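Below are the chains, spelled out letter by letter.
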Amino acid sequence: MDFQTAVFYFLSAILVFASLRVITARNPVHAALHLILAFFTCGGIWALLQAEFLAIAIILVYVGAVMVLFLFVVMMLDINIDRIRQGFWNYLPLGALLGLLMALEMSLVLGSKYFQIPAAEAMVPAGVSNTKSIGALMFTDFVYPFELASIILLVGMIAAIVLTYRGPKKSKYTNPNEQVFVKASDRVRVLQMPVEKD
Amino acid sequence: MDALMNFGTGIFGGAWPAVWTLIKIVLIVAPLMLGVAYLTYFERKVIGYMQVRIGPNRVGPWGLIQPIADGLKLLLKEIIVPTTASKGIFIIAPMLAIAPALAAWAVVPFTDSLVVANIDASLLYIMAITSMGVYGIILSGWASNSKYAFLGAMRSAAQMVSYEISMGFSLICVLMVSNSLNLVDIVNVQDQGRFAGWGLSFLSWNWLPLFPMFIVYLISGTAELNRAPFDVAEGESEIVAGFHVEYSGMAFALFFLAEYANMILVAALTSLLFLGGWLSPVGFLPDGILWLFIKMSAILFLFLWFRATFPRYRYDQLMRLGWKVFLPICLIWLVVVGVWMMSPLNIWK
Numbered sequence: 001m002d003f004q005t006a007v008f009y010f011l012s013a014i015l016v017f018a019s020l021r022v023i024t025a026r027n028p029v030h031a032a033l034h035l036i037l038a039f040f041t042c043g044g045i046w047a048l049l050q051a052e053f054l055a056i057a058i059i060l061v062y063v064g065a066v067m068v069l070f071l072f073v074v075m076m077l078d079i080n081i082d083r084i085r086q087g088f089w090n091y092l093p094l095g096a097l098l099g100l101l102m103a104l105e106m107s108l109v110l111g112s113k114y115f116q117i118p119a120a121e122a123m124v125p126a127g128v129s130n131t132k133s134i135g136a137l138m139f140t141d142f143v144y145p146f147e148l149a150s151i152i153l154l155v156g157m158i159a160a161i162v163l164t165y166r167g168p169k170k171s172k173y174t175n176p177n178e179q180v181f182v183k184a185s186d187r188v189r190v191l192q193m194p195v196e197k198d
Numbered sequence: 001m002d003a004l005m006n007f008g009t010g011i012f013g014g015a016w017p018a019v020w021t022l023i024k025i026v027l028i029v030a031p032l033m034l035g036v037a038y039l040t041y042f043e044r045k046v047i048g049y050m051q052v053r054i055g056p057n058r059v060g061p062w063g064l065i066q067p068i069a070d071g072l073k074l075l076l077k078e079i080i081v082p083t084t085a086s087k088g089i090f091i092i093a094p095m096l097a098i099a100p101a102l103a104a105w106a107v108v109p110f111t112d113s114l115v116v117a118n119i120d121a122s123l124l125y126i127m128a129i130t131s132m133g134v135y136g137i138i139l140s141g142w143a144s145n146s147k148y149a150f151l152g153a154m155r156s157a158a159q160m161v162s163y164e165i166s167m168g169f170s171l172i173c174v175l176m177v178s179n180s181l182n183l184v185d186i187v188n189v190q191d192q193g194r195f196a197g198w199g200l201s202f203l204s205w206n207w208l209p210l211f212p213m214f215i216v217y218l219i220s221g222t223a224e225l226n227r228a229p230f231d232v233a234e235g236e237s238e239i240v241a242g243f244h245v246e247y248s249g250m251a252f253a254l255f256f257l258a259e260y261a262n263m264i265l266v267a268a269l270t271s272l273l274f275l276g277g278w279l280s281p282v283g284f285l286p287d288g289i290l291w292l293f294i295k296m297s298a299i300l301f302l303f304l305w306f307r308a309t310f311p312r313y314r315y316d317q318l319m320r321l322g323w324k325v326f327l328p329i330c331l332i333w334l335v336v337v338g339v340w341m342m343s344p345l346n347i348w349k
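Sequence lines, in order, name chains A and B.
Going by the numbering used here, the first residue of the first sequence is number 1, and it counts up by one from there.
Going by the numbering used here, the first residue of the second sequence is number 1, and it counts up by one from there.
Hints listed in this document are in silico derivations from the structure and should not be mistaken for laboratory results.
The structure presented is a predicted model; accordingly, all values stated were derived computationally and were not measured.
It is possible that part of the hints are untrue.
Cross-link-like lysine to aspartate or glutamate pairs, in silico, EDC-like; alpha carbons within 16 Å at most [said to hold, decoys possible]: (1) A:Lys132 with B:Asp191; (2) B:Lys324 with A:Glu178; (3) A:Lys132 with B:Asp316; (4) A:Lys172 with B:Asp316; (5) B:Lys349 with B:Asp185; (6) B:Lys349 with B:Asp191.
Model the full assembly from the supplied sequences, consistent with the hints where possible.
Spelled out as structure tokens, the structure:
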């Protein structure tokens, strides 16, 4: 077993363990932390496959931004674990069906022709920048899917705002714009008055 | 150098490359830690003089041994774990704070050849690694099981995520004009241009054509570091000490070390990206690592100067500055730079 294979098995073991802990951990914060570990390890495996741009992107986007906000929400939740476990057996058939469907989809993707390239052919020749080649492909061959994906994301963002917006807020609040542009003459009046003498 | 390599291979055999990398890591981390120690001394002295005080002057000549004494004190102090704390995470959090602060230095170049790992996507690597520093803060706040610590952690996480965006955009402008993600290339590109040809290379550096981005990066960097005037995460008068209020001894010291190591990192990055790194400002002086250190020291002095000068931002004004001022400036300047590069006036060819 060469060094790369050993690293691969090491990272895979951590990845499988972390993913299992995501769904078995009792404390939701611990589950979120294991998800972060899973993403990070996944980045390591991609780096091993010489996909350094993807590896860094998953850490920058998912670990550095998405999971921070996720952890934020999870920490604020007041979760009662007993109540979550209540409907376990009722939901099991539906959940199992969905899980099976996802496993089927994954096997279809992994069985497609793009994943059948032998490792020797997939080797990146030295001096080719991963980032540059992805950028070139994204803005030439895959420009329409790329733009489509960005529009779907935009729609998702607007939908989230529309769904959670509950009309103008009635609470009192200060307008920072006004506060920043305030001048001394708006707040303080300097009066001229003659000196009082006895 | 070759003799050293042969000597190492003779002793360690096949393991020599790993050992050599370890030696290089020690050669970077040890001066960095010393730099951190004396940055705290420098900070206390500078702020002292700005406030018409003398600063530390009791331990050693001119108080020069003070940081060592402080470090020793922190090492010997007891680490108290609160009874209701989440113990594992409470212990891991300071490690998560300091690990990214040190790991980012792996790709920081000091000259053309003096760098531990000269990788293609080094700028992306630094952005990715430094974005993980926020976990140390959030987790310490959560694991302490204390209101003040939790509030501090929430504030600082929101702040870091917001300012990372404008920071990222200013970096995108830099990598557009340098056509590379490699820090060595980014510095070398700044040595070209009309002014560099005239021997005035400091006018060719990125700070002049990307001036708004330079300012945005410097201020976002200060905010990202949770330094005054953006230190709402540890606003003493509002939430005691913020996220590390329950920490003592070496666990507290790790947060402290991480903050100062990050300060030095941001200073190094600003020098490399906008101020020409190791390039000499004028043609008749040679380039060298000394220039990088001079630029870093100047920026570190700026950070200390900010702290002694500005009152703390209020939290909502801080968020407004990030989202409503810096983000639009970045988006507009991104388009301006793009159009500039496509026009006949392009100066980066």
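Check each numbered hint from earlier against the structure, then list the numbers of those it violates in ascending order. 1, 3
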